[in-house]
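Engineer: Below, each chain spelled out in residue letters.
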Amino acid sequence: MSIRVLVVEDEDDLRTSVASLLEAAGYEVREAADGDAALRILDDNGVTVMILDIRMPRRDGIAVLDALEKPPAVVLVSAHRIDDELRTRVGPKVYQFLHKPVPPRQLLEAVAGAASHRRAP
Amino acid sequence: MRVRLRPSPLAVAMTAFVVALGVTGTVVTAHVVDRQDATLLRDDTAQGVDYLSSIIGQVESGLLAMGAVATYSDDPAAFVSKAHQVASGITAAVLRRTGDGYVVSAAETGPLLAPGQVIDPAQAEAIASAGATVVATPVVQRGAQTQVGFALGPPATPPGTAVYEVALEPHYLPPGAVQGFSELAVALYAAPHPRSDALVLATTRELPVTGTTVHQQFRVGASTWVLVASARHPLSGTLAHAIPWLILGLAVLIGVGTGLVVELLARRNRFATAVVERRTAELQRTVRTLQEAQRALVQSERLAAVGEMASVIGHELRNPLGAVMNALFLVRNGLDDAHAAALDRHLSLAERETEKAATLVDDLRNFVRPRAPQHETVAVAEVLQEVLQATPAPAGVDVQTDVEGVTLAADRHQLAEVLTNLVSNAYEAMADGGILRVSACIEADEVYITVQDTGPGIAGEALERIFEPFFTTKPSGTGLGLAVVRRIVDAHGGDVRVDSTPGAGTSAQVVLPARVAVGAR
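From first to last, the protein sequence lines are chains F and H.
For what it's worth, my numbering labels the leading residue of the first sequence as 282, then goes sequentially.
For what it's worth, my numbering labels the leading residue of the second sequence as 12, then goes sequentially.
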């Protein structure tokens with residue numbers, strides 16, 4: 282059974298390219314264009330890894346994290362500097378923080394790490 | 012302000028001028044007073060002479076009266092009676108001529124002559140020359156007394172006779188004893204010039220009369236006598252004589268006073284000028300400081316605006332860049348070997364350039380949204396070691412460090428960023444090899460970190476602009492490294508400067524407070 286990765290990103294082209302990248306790497310990919318959609322998918326799908334953009338319309342990435350008691354392994358991606366306060370607040374629910382633009386190799390490594398982290402415990 | 016003891020030339024000149032005026036006034040006044048004195052002395056002397064002349068006149072008229080009695084009466088009693096009448100208390104006699112001399116006839120009065128007495132030849136000679144005009148006989152000094160005599164001869168007397176009047180007077184008369192001489196010291200001589208043996212009388216014991224004297228000659232019958240006079244005290248008054256000295260004293264007082272006032276004003280003026288100059292200099296400094304502050308503000312606002320725009324653009328580029336990077340990755344992985352070989356060059360270029368663009372947006376993020384420093388105690392040596400490990404030296408570059416033992420309160424990550432930027436710049440300047448020297452020291456609560464290279468150096472024009480964002484001299488630089496360094500150093504309350512000698516290398520020095528300044532976060 283392949284690992285399911287949810288890509289939450291409001292920018293269509295970027296989301297599509299990330300999805301393609303992950304699919305090419307053998308992951309099963311779900312896509313969400315905003316936080317609400319992400320929560321809906323998470324409700325009824327066995328998502329192992331979530332690539333989550335912080336800044337999005339309607340419900341943003343942080344609100345998604347706040348809404349989840351037991352989130353999947355999260356790779357949090359931001360266009361902005363992630364300050365220490367935010368890092369401290371959401372740190373326990375995040376496997377890895379990444380800054381945009383994320384080089385493809387780095388992203389694949391992060392997802393692979395997150396997947397093994399989730400399966401291990 | 013230093014106290015100047017030397018008076019101003021103007022004050023000295025004013026004092027000298029007023030004192031000179033006073034001296035001139037004193038000299039002129041003294042001269043006028045002296046002239047007044049001389050005039051008064053002459054007048055008083057003339058009055059004295061007039062008085063003496065009137066006495067001589069009385070003597071003459073007395074003698075004439077006695078001569079008339081002798082002419083018209085042979086009675087000695089009549090002569091004596093007349094003599095008592097016209098010249099009371101005086102020795103007078105009728106003389107009878109005998110050969111060359113004279114003998115006192117019976118008609119005589121007073122103790123100085125006696126009947127039958129032969130007259131002294133010197134007197135007799137003078138008496139012989141007497142006619143109707145009275146003749147004074149030579150004076151004879153008898154101790155403190157002087158004997159003076161006057162004679163008349165024919166036709167005022169019978170032929171062969173003479174009327175002779177002689178008196179023995181003390182030659183010192185106290186002042187005031189003689190009318191008109193009370194204010195004068197006088198000496199009367201029975202000669203045209205003062206001669207001690209001819210002294211008739213004096214109102215002073217100090218002879219000859221000294222000081223400012225007046226010699227006035229006057230006729231006594233056929234003889235010329237002289238009266239010598241000088242003033243006992245200033246005739247124009249003591250006050251008049253004091254006036255020149257009063258003038259001089261006043262002039263000195265006024266002169267010194269004027270000098271003091273002028274000096275005071277000059278000093279006040281100098282003081283005021285100095286104050287104005289000092290204030291002007293302060294104002295100029297303030298204006299310069301304000302201008303510099305304004306320039307800095309304008310510059311920082313300009314940079315902030317540039318940064319804001321760059322931030323927006325950079326942010327908007329992140330997603331497209333990410334998509335392109337992913338797409339390139341997929342293209343490369345999706346190509347079969349034949350195509351991959353053909354397209355590798357182009358793909359590599361696209362990957363390289365997108366990475367460069369990614370680096371630029373990363374730098375922009377650091378530049379535009381600096382984090383407030385999180386101070387902790389940092390050992391420079393530790394941070395430098397991490398930086399040197401993360402940024403390996405290019406081939407041919409020798410690294411020398413001297414930073415042991417220097418610690419400071421700073422944001423560890425930001426200090427690392429600063430050192431990374433400075434070390435990277437140094438490495439890039441020494442593509443053909445060289446020496447990197449990093450040193451640190453602490454002095455007066457400030458930490459100096461110096462990063463030095465032996466590269467080609469930076470020309471003056473470029474050196475002035477190296478802290479501007481997006482200014483770069485390197486083909487692949489973003490121009491944000493040193494701008495970020497300055498941002499971080501400023502946030503720490505420190506300073507950074509870069510010195511360069513073209514051909515010899517560049518030295519960047521960062522100065523940071525060793526401890527967190529009061530009020531800093």
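What the hints contain is simulated information worked out from the structure, not anything from laboratory work.
Watch out, some of these pointers could steer you wrong.
What the hints assert, rightly or not - Taking beta-carbon pairs under 10 Å as the criterion, some of the chain H residues facing chain F (in silico):
(1) Gly121
(2) His326
(3) Pro331
(4) Leu341
(5) Arg363
(6) Glu364
(7) Asp373
To be verified - Distance ranges between label pairs, derived from CB positions:
(8) H:Gly504 / F:His398: 50 to 56 Å
(9) F:Asp324 / H:Lys367: 29 to 35 Å
(10) F:Asp324 / H:Asp355: 55 to 61 Å
Just so it is clear, CB atoms sit at the ideal spot from N, CA and C, and this is done for glycine as well.
Engineer: Taking the earlier hints as the rules, which of them does this structure contradict?
Structural biologist: 1, 5, 6, 8, 9 and 10
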